[in-house]
Amino acid sequence: DAKTTQPPSMDCAEGRAANLPCNHSTISGNEYVYWYRQIHSQGPQYIIHGLKNNETNEMASLIITEDRKSSTLILPHATLRDTAVYYCIVSPNFGNEKLTFGTGTRLTIIP
Amino acid sequence: DTGVSQDPRHKITKRGQNVTFRCDPISEHNRLYWYRQTLGQGPEFLTYFQNEAQLEKSRLLSDRFSAERPKGSFSTLEIQRTEQGDSAMYLCASSFLSSLGSYEQYFGPGTRLTVT
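Going line by line, the protein sequences match chains A and B. If you count by this note's numbering, then the first sequence holds residues 146 to 256, one letter each, in order. If you count by this note's numbering, then the second sequence holds residues 21 to 136, one letter each, in order.
Hints in this document: simulated from the structure, not taken from any laboratory. A portion of the hints provided could be inaccurate.
Calculated lysine-lysine pairs in the DSBU-like style (CA-CA distance at most 35 Å, straight line) [as the list claims (entries may be wrong)]:
| id | chain 1 | residue 1 | chain 2 | residue 2 |
| --- | --- | --- | --- | --- |
| 1 | B | 91 | B | 34 |
| 2 | A | 214 | A | 197 |
| 3 | A | 148 | A | 243 |
| 4 | A | 214 | A | 243 |
| 5 | B | 91 | A | 243 |
| 6 | A | 148 | B | 31 |
| 7 | A | 197 | A | 148 |
| 8 | B | 77 | A | 243 |
| 9 | B | 77 | A | 214 |
| 10 | B | 31 | B | 91 |
| 11 | A | 197 | B | 77 |
| 12 | A | 243 | B | 34 |
| 13 | A | 243 | A | 197 |
| 14 | B | 31 | B | 77 |
| 15 | A | 148 | A | 214 |
| 16 | B | 91 | A | 197 |
| 17 | B | 91 | B | 77 |
| 18 | A | 148 | B | 77 |
| 19 | B | 77 | B | 34 |
One side only, chain A facing chain B, incomplete, derived with CB under 7 Å [claimed, not checked]:
| id | residue |
| --- | --- |
| 20 | 157 |
| 21 | 160 |
| 22 | 185 |
| 23 | 188 |
| 24 | 189 |
| 25 | 191 |
| 26 | 242 |
| 27 | 243 |
| 28 | 246 |
Each residue gets a CB set at the ideal place from its N, CA and C atoms; glycine is no exception.
With the sequences and hints as input, model every part of the structure.
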C-alpha cells in the first residue's frame, strides 16, 4: 500500500477554514485517497474520498493535485467539534480494502 | 441507533486469561473488519470477513487470536492467554458496496482492553 505523510499537528481558529495537507507521492493509478477522522475516545469516522477529481460533501472538500501526489482536506468553517485526529489513507477501491492508517494530523480548533 | 456496536466497551483482565469481544455490524453490511489501536498510534488492520468467510489476516494476528463471523452477521474476536502487550483498543468496522462503488468503513466505538 502507498504511504502517506501528514504534519503531526495543526491549529485552526474557530470559524476559519482548516486546510489539512497530505503527501502520497507513491500512489498507484487505481488507489483512492480517503480521509477519516477520530474524535477522542471514539472510532474513526469516514469523511470523504476521491480518485483524481476534486470532491465535496456536507462535511468537507478534497482537493487532489493533478499529478495525484498530494491532496488537501478542507473543512470550510471549523467548529470546536472538528477537533480530532485526521487520517489520510490511500487504498484500492476494490479488492483489498483494508485501511492502513498512519499517525495522522491532530487538528485543534481554537475558540 | 443503527451504527456498529461493540461489547463490552471496557475489559480489564489478568495476564493469561482468555477474553472475547463481540461486534454487531450495520445490518446488511457484508464486510466486517477488526483493527487494533494502541496509544498515540493509528488503527492497525487485523482481519476482515466477507459474509462468513475470513478473507485476510494480518501478521499481527498471532495464534492466540481468533475471529469468527459464523452466520455472516455479528463477529467475535477471542484472545487466548492474554499478555500485557495485548492492551489496546479493539475496533470493529463494517462496510457495504455503495452506489459509487466504494467501501467506506463505519467504525464502532471500540473495546478497550487492559491486561494487568
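Results for each hint:
1. Between residue 91 of chain B and residue 34 of chain B the alpha-carbon distance is near 31 Å, which keeps this suggested pair within the 35 Å criterion.
2. Among the hinted pairs, residue 214 of chain A with residue 197 of chain A is consistent with the structure: their alpha-carbon atoms are about 10 Å apart, no more than 35 Å.
3. Taking the CA atoms of residue 148 of chain A and residue 243 of chain A, the gap is about 14 Å. The hint holds against a cut of 35 Å.
4. For the given pair, residue 214 of chain A sits about 21 Å from residue 243 of chain A by alpha-carbon distance, which is consistent with the 35 Å threshold.
5. Taking the CA atoms of residue 91 of chain B and residue 243 of chain A, the gap is about 21 Å. The hint holds against a cut of 35 Å.
6. Among the hinted pairs, residue 148 of chain A with residue 31 of chain B is consistent with the structure: their alpha-carbon atoms are about 33 Å apart, no more than 35 Å.
7. Pair hint residue 197 of chain A plus residue 148 of chain A holds up; C-alpha atoms about 17 Å apart against a cutoff of 35 Å.
8. Between residue 77 of chain B and residue 243 of chain A the CA atoms are separated by roughly 10 Å; this keeps the pair inside 35 Å, and the hint holds.
9. For the suggested pair residue 77 of chain B and residue 214 of chain A, the alpha carbons sit about 29 Å apart, so the restraint of at most 35 Å is met.
10. About 25 Å separates the Cα atoms of residue 31 of chain B and residue 91 of chain B, which keeps this hinted pair within 35 Å; it holds.
11. For a cut-off of 35 Å, the pair hint linking residue 197 of chain A to residue 77 of chain B stands: about 30 Å separates their Cα positions.
12. Only pairs whose Cα atoms come within 35 Å are accepted, and residue 243 of chain A paired with residue 34 of chain B is accepted, the gap being roughly 31 Å.
13. Distance check on the hinted pair: residue 243 of chain A and residue 197 of chain A sit about 21 Å apart at the alpha-carbon level, within 35 Å; holds.
14. With a CA separation close to 23 Å, the supplied pair residue 31 of chain B and residue 77 of chain B stays within the 35 Å bound.
15. A C-alpha spacing of about 11 Å is found between residue 148 of chain A and residue 214 of chain A, which places the hinted pair at or below 35 Å, so the restraint holds.
16. As the CA atoms of residue 91 of chain B and residue 197 of chain A are separated by approximately 38 Å, the hinted pair breaks the 35 Å bound.
17. Distance restraint check for residue 91 of chain B and residue 77 of chain B: the Cα-Cα separation of roughly 19 Å lies within the 35 Å cut-off, and the hinted pair is therefore satisfied.
18. The straight-line distance between the Cα atoms of residue 148 of chain A and residue 77 of chain B is roughly 20 Å, inside the 35 Å bound, and the hint therefore holds.
19. With a C-alpha separation of about 26 Å, the suggested pairing of residue 77 of chain B with residue 34 of chain B holds against the 35 Å cut-off.
20. Here the hint on residue 157 of chain A is broken, as its CB sits about 21 Å from the closest CB of chain B, past 7 Å.
21. For residue 160 of chain A, the shortest C-beta to C-beta distance to chain B is roughly 28 Å, which exceeds 7 Å, and the interface hint is violated.
22. Here the hint on residue 185 of chain A is broken, as its CB sits about 12 Å from the closest CB of chain B, past 7 Å.
23. With a cut of 7 Å, the hint placing residue 188 of chain A at the interface with chain B holds, because the nearest CB-to-CB distance is about 3 Å.
24. Here the hint on residue 189 of chain A is kept, as its CB sits about 5 Å from the closest CB of chain B, short of 7 Å.
25. For the restraint placing residue 191 of chain A at the interface with chain B, the shortest Cβ-Cβ distance is roughly 4 Å, inside the 7 Å limit, so the hint holds.
26. This hint holds: residue 242 of chain A has a C-beta 5 Å from the nearest C-beta of chain B, less than the 7 Å allowed.
27. Evaluation of the residue 243 of chain A hint against chain B yields a held restraint, the C-beta minimum of about 4 Å falling below 7 Å.
28. Because the smallest distance between the Cβ of residue 246 of chain A and any Cβ of chain B comes to about 3 Å, under 7 Å, the interface hint for this residue holds.
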